[in-house]
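> Each chain, letter by letter, is given below.
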Amino acid sequence: MFSHPIPPVLRPIRLLSAPARATVPSPAPAGVDGSLALALRPGDAEVVPGRERALGLLETVPSGRIVEICGRARASVGAHILAAVQARGEPVAWIAPRSAGLFPPDLAAAGLDLDALLVVHVPEGDPRAGPKAAELLLRTGALGAVLLDATGALGAPSASGRREAGAVVRTPSGSATTAWQGRLLGILREHDARLVILSPGEPAGESLGPLVSVRLALSCRRVERAEGGHVFEVRARVTKDKSGALSGSAPRLEVRRGPLGA
Amino acid sequence: MDRSARDGAAASLRIACIDVPALPLQILRRDRPTWAGHPLAVVAEDRPQASVLAVSKSARALGVRPGMRYAAALSIARELRAAPVSPRRIAELRAELVGALLRLSPRVEPDREHASVVWVDPTGMLALFESYERWAQSAHGILESLDLTGAVVVGWQRALTLAVARGTRGVRILESAADERARASRTPLGKLELPLAAHETLHTLGLRTLGELLALPRDEIAVRLGPEVARFVDRHAPVHRTPFEVAPLPDPIEMEADIDPPDDDRARLLFCIKGALHALLSALAARRLGLGTLRIVLALERDVGLVPRPEVAFELTPARAGRDAPPVLELVRLRLEALTLPARVVRIALFAVPSTIEGTQLVLSAGTGARSRDPDALTRGLSRLRAAFGDEAVTRAQLMDAWPPEASFRWEPVRTLSTPAARDAAAEGSAAQATPLVRRVLLEPCPLPADTSGRPRTVPPILRMTGPYRLQSGWWAKTGWGAGIVRDYWYAERGDGALLWIFHDAARSAWFLQGIVD
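Protein chains in written order, with the numbering used here: chain A, 1 to 262; chain B, 1001 to 1518.
Simulated from the structure, these hints should not be mistaken for lab results. None of these values were measured; they are calculated from a predicted model. Built from N, CA and C at the ideal position, the CB exists for glycine as well. Be aware that one or more of the hints could be misleading.
[Said to hold, decoys possible] Negatives, chain B to chain A, calculated, CB over 10 angstroms:
hint : residue
1    : Glu1256
2    : Ser1282
3    : Ala1377
4    : Gly1381
5    : Gln1398
6    : Ala1421
7    : Leu1442
[Claimed, not checked] Simulated restraints, written as ranges between beta carbons of each label pair:
hint : chain 1 : residue 1 : chain 2 : residue 2 : range
8    : B       : Arg1302   : A       : Arg189    : 30 to 40 angstroms
9    : A       : Asp126    : B       : Glu1144   : 46 to 56 angstroms
10   : A       : Asp126    : B       : Asp1505   : 30 to 40 angstroms
11   : A       : Asp192    : B       : Glu1337   : 49 to 59 angstroms
12   : A       : Asp126    : B       : Val1459   : 45 to 55 angstroms
13   : B       : Val1459   : A       : Arg189    : 19 to 29 angstroms
[Stated by the list, open to error] A partial selection of chain A residues facing chain B, derived with a Cβ cut-off under 8 angstroms:
hint : residue
14   : Arg74
15   : Ala87
16   : Pro104
17   : Ala110
18   : Ala179
19   : Val238
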């Protein structure tokens, strides 16, 4: 009789509940920083309050608008936005090529209901595919939010300086930009839905087009805690707000923990 | 009395059993001719942790058994070839077999419990075939023409005829009811579909054949072996007869149109398809059926050397079976836009797969304080997405029970989507603030160069590394997928602030990029 194999061994060399700092034991490669910060247990994180009025997440991403998000931690914030819409009982969709590298275990950990998350894999290198898929979905009026992941493979320049395989989901440029954004804007207003675009642009750069209503520039940095361990501080700065509703508000601040081991 | 006269005397009681044993395995052998000579197995899914469902004789001889994990089977039999066989593929082959057997009798009934069994009423066919022997040989020839092996048994009582078929290869004509019962009694219990627990109990009791089981007192069977086995025994009683239920096979509905002169303009092609589609839908309406699936085949102009080009074919499945043309034309338009036509089209063929039309259901809106969303509208939208980008593009994530990150999930094509349950986000406030950052994962880990000290080298350079966290496969997986994996995972903070997810592969003594924290 053949018995089921025992699940593979996962042996963290560091204990997550160990006190503040510990050194990396050998056989870590030479030259690696020996001091480590530890991942927090869920519930340990705290929110740094804004100095002025702090907006709710969905207020920052209003319905009936095209919202562009650029900078670090885009996928994390995008997942959080979709989870907030799902919490209202509305299905959501994520449009990206397969090379975007979506990692469903982390999306589930971020609070997304995977059974209610539609993922549309658009062809690589076709700038019209993403907006076309977004239009087909939004026209149904059946989704609360659609996220168009235009960041390309890994959402960042290549780790080794080379460009990895997988094309960026480019969006149409020039006059075509206004055309597809205009169509989508009308549909968003008609169906009271949200379109979030994860943009490959840099925070200091230009927005994707004139009809982008809100542009959020994200930054993410590690913050060491006095009592040990660390969190990741994700700051969202509004760099464009056509309606003016968000002006005068403090940059939204979120505190997140890294994935296991980070 | 000669054989044909004897056959004629009992004609009204006859039934023929066509049994194709291990049907999924035979389908696999047919669909993968290059795997000839290799041990074969049918698995539930094409992944290492999937269960083995059926094995060939050569695979069984090597120690592979149903119920094993695929990875374990591979470690035992390195030459094993395995793949899943979908229920749809099985249904396609059954339909093909039934269609072929209709040439031998107008009364053909696919068995509802056993996918490998088809019942045929040979009554009235003696005038064509002169004897049941010849008729059965023709039926067996049909199996061979479909590259299937199996048995054709002509008998009287279904369960007994099936039992004989399970212990037979080729053709057998049962001479009498007594002959049928005698042969059925010799069938080993292992060839019959009894509950596994019952098999074990019967084996313990020393019962090996159907006859030995049928000889037990009926009351004892119910008490000692359970109601399911009791019903199994009852079905083998000579008086137990199931009326023949012929499966209605709607005639295929096809339409062809020549395009003269040849054309590749999408709008004009759509116009041609529209006309043919209306005719198809009218034919469906006459039968009170809806359009389940529409298959379109485009024949292309030959090239300059008069070499025929491969046809372009695709299938479209509307969100709901019906007879409305506009939604179907919308799907056709989306697919035509996405198609690349290497040459002009000379002929269009449409094939309609009928389906029954279901009633619509009331949709109750859900969600607190949110706009109600129509699930039916979403289903229609998904069918348009599939038409535009292909069935494999519209997916939902499914988490898998596998530890390598690149194998811990898969994308499952979907036609509908669940509505999420509304929840009080405010109450989850503190938990939401502790949600983790998410990672992006490379479909195939990317090698990283190392510097002279053995550290991974990136541009900009790595400032800090956190880890390692080891993932290691078990000692039992010596060969095959997942064997010998030892990975030390790290998080590497780069000079530009990017947080990379990397690992050092001990087996290959190299660094790889698994993904990035975004």
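> Which hints, by number, does the structure contradict?
Checked against the structure, the hints that fail are numbers 3, 4, 5, 6, 7, 8, 11, 12, 13, 18 and 19, while the rest are satisfied.
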